[in-house]
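Peer 1: Below are the chains, spelled out letter by letter.
Number of protein chains: 2
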Amino acid sequence: MSLLERILAGDRLSLARLLTQIENEDPEGFQTLSSLFPRTGRAHLVGITGAPGTGKSTLVNRVAQTLRARTGAAVAIVAVDPSSPFTGGALLGDRIRMRDLSGDPGVFIRSMASRGALGGLARTTAAVVDAFDAAGFGWVLIETVGAGQAEVEIARTAHTTLVVEAPSLGDDVQASKAGILEAADLLVVNKADLPGADNAVRALQSSLELAANLRPVWDHHGRLEITEVEPAGQPAWIPPVLKTVATLGEGIPEVVEAIRSHRIHLEGSGGLKRRDRERLSAEVHALLGERLLEQFLSSGRGPELGAALERVVAREASPREAIEALLGRT
Amino acid sequence: MSLLERILAGDRLSLARLLTQIENEDPEGFQTLSSLFPRTGRAHLVGITGAPGTGKSTLVNRVAQTLRARTGAAVAIVAVDPSSPFTGGALLGDRIRMRDLSGDPGVFIRSMASRGALGGLARTTAAVVDAFDAAGFGWVLIETVGAGQAEVEIARTAHTTLVVEAPSLGDDVQASKAGILEAADLLVVNKADLPGADNAVRALQSSLELAANLRPVWDHHGRLEITEVEPAGQPAWIPPVLKTVATLGEGIPEVVEAIRSHRIHLEGSGGLKRRDRERLSAEVHALLGERLLEQFLSSGRGPELGAALERVVAREASPREAIEALLGRT
Numbered sequence: 001m002s003l004l005e006r007i008l009a010g011d012r013l014s015l016a017r018l019l020t021q022i023e024n025e026d027p028e029g030f031q032t033l034s035s036l037f038p039r040t041g042r043a044h045l046v047g048i049t050g051a052p053g054t055g056k057s058t059l060v061n062r063v064a065q066t067l068r069a070r071t072g073a074a075v076a077i078v079a080v081d082p083s084s085p086f087t088g089g090a091l092l093g094d095r096i097r098m099r100d101l102s103g104d105p106g107v108f109i110r111s112m113a114s115r116g117a118l119g120g121l122a123r124t125t126a127a128v129v130d131a132f133d134a135a136g137f138g139w140v141l142i143e144t145v146g147a148g149q150a151e152v153e154i155a156r157t158a159h160t161t162l163v164v165e166a167p168s169l170g171d172d173v174q175a176s177k178a179g180i181l182e183a184a185d186l187l188v189v190n191k192a193d194l195p196g197a198d199n200a201v202r203a204l205q206s207s208l209e210l211a212a213n214l215r216p217v218w219d220h221h222g223r224l225e226i227t228e229v230e231p232a233g234q235p236a237w238i239p240p241v242l243k244t245v246a247t248l249g250e251g252i253p254e255v256v257e258a259i260r261s262h263r264i265h266l267e268g269s270g271g272l273k274r275r276d277r278e279r280l281s282a283e284v285h286a287l288l289g290e291r292l293l294e295q296f297l298s299s300g301r302g303p304e305l306g307a308a309l310e311r312v313v314a315r316e317a318s319p320r321e322a323i324e325a326l327l328g329r330t
Numbered sequence: 001m002s003l004l005e006r007i008l009a010g011d012r013l014s015l016a017r018l019l020t021q022i023e024n025e026d027p028e029g030f031q032t033l034s035s036l037f038p039r040t041g042r043a044h045l046v047g048i049t050g051a052p053g054t055g056k057s058t059l060v061n062r063v064a065q066t067l068r069a070r071t072g073a074a075v076a077i078v079a080v081d082p083s084s085p086f087t088g089g090a091l092l093g094d095r096i097r098m099r100d101l102s103g104d105p106g107v108f109i110r111s112m113a114s115r116g117a118l119g120g121l122a123r124t125t126a127a128v129v130d131a132f133d134a135a136g137f138g139w140v141l142i143e144t145v146g147a148g149q150a151e152v153e154i155a156r157t158a159h160t161t162l163v164v165e166a167p168s169l170g171d172d173v174q175a176s177k178a179g180i181l182e183a184a185d186l187l188v189v190n191k192a193d194l195p196g197a198d199n200a201v202r203a204l205q206s207s208l209e210l211a212a213n214l215r216p217v218w219d220h221h222g223r224l225e226i227t228e229v230e231p232a233g234q235p236a237w238i239p240p241v242l243k244t245v246a247t248l249g250e251g252i253p254e255v256v257e258a259i260r261s262h263r264i265h266l267e268g269s270g271g272l273k274r275r276d277r278e279r280l281s282a283e284v285h286a287l288l289g290e291r292l293l294e295q296f297l298s299s300g301r302g303p304e305l306g307a308a309l310e311r312v313v314a315r316e317a318s319p320r321e322a323i324e325a326l327l328g329r330t
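As given, the protein sequences belong to chains H and Z, one line each in that order.
Residue numbering for the first sequence follows the numbering used here, beginning at 1 and increasing consecutively.
Residue numbering for the second sequence follows the numbering used here, beginning at 1 and increasing consecutively.
Next up, chain H with everything else stripped away, as it sits in the complex (with noise of 0.2 Å):
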């Protein structure tokens, strides 16, 4: 049998290896990812962000599980770590190796830490996902560790965006919180038996109010317009904010079943194709622009190319104006 063959069997270390030949940017990985992609589009994709020390990582396991127990569906956890680029995500690593997942095969949790840049990450992630997709996973949570734009720009690109937050994580808190909340479909304030658990509530249900409606959607060029969520006539989904203490179990539940909720009503409204093709087209701009540098740069122009970088260096020209003559404009 065949490395597709196998994983199409539903043998995890098979998958296992696909997904460390992806990693590795295998040519053989991604074209078994290329035959497996028909396969994909079915999974249900759970971005869940936020910062440091709101207990996201317990969360996500203990959301898998009662996924897993009311679905019995298998479940996907992609643990992405954009903020560790040195160390491979070594520590990362041991940490989810710890997590307690009672050993149920039916829940896959892949680790993955950046080896190069931002784009890069964002990428192997969707390639990541596609292969947990195509493998017949019902669900596939993308966790984020950090919550800077890069983390959040993963999440967006999933069906549901659960934003995890804490009561009272420090002075810092408000200002990161503003960027990532209107992409929540769901909030989530952990930790809810610290005191401030309801103030956190009532601050996000009022900052909720002013964005309501509206949603940030990024052009291929990553331009900002702000849209209104639902085409006229569909009722417009209201994000829930809930509280849970992830490590007693508690409110895991009505996660799992707003989570369930949204599903419906992208499927009802349309925004499931919707998020899907934004999702791909974003995929497909990145590509494009990579293989055009990549062009670029073997087509014999990389002597010039070193020349303009000289030019400034040497405060001859500015970057555009260097590039700008490199490429035949005025």
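Please keep in mind that the hints were generated in silico from the structure rather than gathered at the bench.
You can take every hint at face value.
Only some residues are given here: those of chain H computed to face chain Z with a beta carbon under 10 Å: (1) S34; (2) G53; (3) R123; (4) D276; (5) R277; (6) E290; (7) L309; (8) V313.
Simulated coverage check for chain H against chain Z, where a stretch passes if three residues somewhere in it have a Cβ under 8 Å from a Cβ of chain Z: (9) 279-286; (10) 295-306.
In this text, a Cβ means the ideal position worked out from N, Cα and C, and glycines have one as well.
Here the structure of chain H is known, so what remains is to put chain Z in place on it, guided by the hints.
Peer 2: Below, chain Z alone, put in the same frame as chain H:
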């Protein structure tokens, strides 16, 4: 007088106007910046990154005041908030306006929020830094809110990278530290009056030993190479771990002296020129990629790209297959 002349004469309002033009991607702004570019390359750039809740903003303000007092040079603070794509950084802006810098006209603060994709913010930040540099600021402090990889990528374009930690911020902090530590030239444990400060210092020091003499370098494909910090024969820089209580001003003079020592070290070891070249090389490659994609899209091949995307959405081709077909590969 033109805007350019007024900026060079030290007019702060004209500088602020140029910065707004750059943020709005106004062609006039980029033209002024190109005229200013020959005057860049003199400021010392300090990148400051760290997780929310570490008291980074207070530390940056104190460092700015002390740098100003000790060196007499003008200091710019560029506060970058990549996690706020939707609000346009309004919250951050408010927070920054409230900062107490005693009305010193020799310290200039500019907050920047993302208006689109990550790459855009990194490039706009580079342009704003160039504007301050050309306008004669001796020190430019680039402070990033949040500690994801985007923030690290922005911080590592600086000459000196300062990573701020605080004692015991939560269970995710150990993991998120892993990636940014190796980019640090200087480590600061702020809030050192809290319990656990000495433990944090020890943990950082032992992590540093692991990474001694190694530094991650990204090539223009965003691939990671691990290289030695200094060419053989040069003394390596050993990142000091300092303790501060920024709210009380404790430890700030030591941080400022460490920044100045690092500058002197870089001048002696050739590291200053190397980092300058790396920074400009990243900028030139990013601009080239952006322009190539623009050229492709404006060359009349938009409909072909649209058709390729439809094939992907229909799962008739994987993103890679579709792009390779588009660019005429096998």
